[in-house]
Amino acid sequence: DAGVIQSPRHEVTEMGQEVTLRCKPISGHNSLFWYRQTMMRGLELLIYFNNNVPIDDSGMPEDRFSAKMPNASFSTLKIQPSEPRDSAVYFCASSLAGLGSYEQYFGPGTRLTVT
Amino acid sequence: AQSVAQPEDQVNVAEGNPLTVKCTYSVSGNPYLFWYVQYPNRGLQFLLKYITGDNLVKGSYGFEAEFNKSQTSFHLKKPSALVSDSALYFCAVRDRAPLVFGKGTRLSVIA
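Chains as they are written, first to last, in the numbering used here: chain A, 1 to 115; chain B, 1 to 111.
For the record, the hints were derived by calculation from the structure and aren't laboratory data.
Warning: the hint list may mix true and false statements.
[Claimed, not checked] Calculated lysine-lysine pairs in the DSSO-like style (CA-CA distance at most 27 Å, straight line): (1) B:K22 <-> B:K69; (2) B:K58 <-> B:K69; (3) A:K24 <-> B:K49; (4) A:K78 <-> B:K103; (5) B:K103 <-> B:K69; (6) B:K77 <-> B:K58.
Please work from the sequences and hints to get the whole structure.
As structure tokens, then:
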């Protein structure tokens, strides 16, 4: 299996622009998670989905952030408009919840720089 | 609410010496406990987990962790450290929600 796939790996954009991050989870996994990692705040859970349904989006910092999962093999995280403080590494992770599992497998991340 | 604490921001150890990275947890029910490693510019990588059974859990790259219910701890250990073990290590717990991660401990193995 190719693991969790994220694109792009790097994104540099100007303040005010829309940014879309993409994730393809591991085939067969039923849960998907979006995280943000910065030096100041560490690893933060933004939102997670179970069977394509958003379960908890309390970690989404503002209404500028939105996430979708239209099917089991694809999810997006969108920031509109972007701001310099959104600069971070964004990780997607997936897991197969149940039957004693629950470990999450992470993608390589998208490094976002907003200037 | 479930939580984990990694009391050390940084651990330094000489190559060849045993290493320990500490983690304590707080959950209301039976814990599922995990360790992850993050190398520079990479995503978190699953090392090992404790669900039930033996208190000593063996994982990838020669790492192991000991579950101690009375001390609510799940320390990561390795008998002989390698320079290549230098990375950021995260402990995580799951109770009835997604994994909750600690703040991470940076391990530096010195040759």
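Here is what the structure says about each hint:
no., hint, verdict
1, B:K22 <-> B:K69, "14 Å, holds"
2, B:K58 <-> B:K69, "17 Å, holds"
3, A:K24 <-> B:K49, "24 Å, holds"
4, A:K78 <-> B:K103, "26 Å, holds"
5, B:K103 <-> B:K69, "21 Å, holds"
6, B:K77 <-> B:K58, "10 Å, holds"
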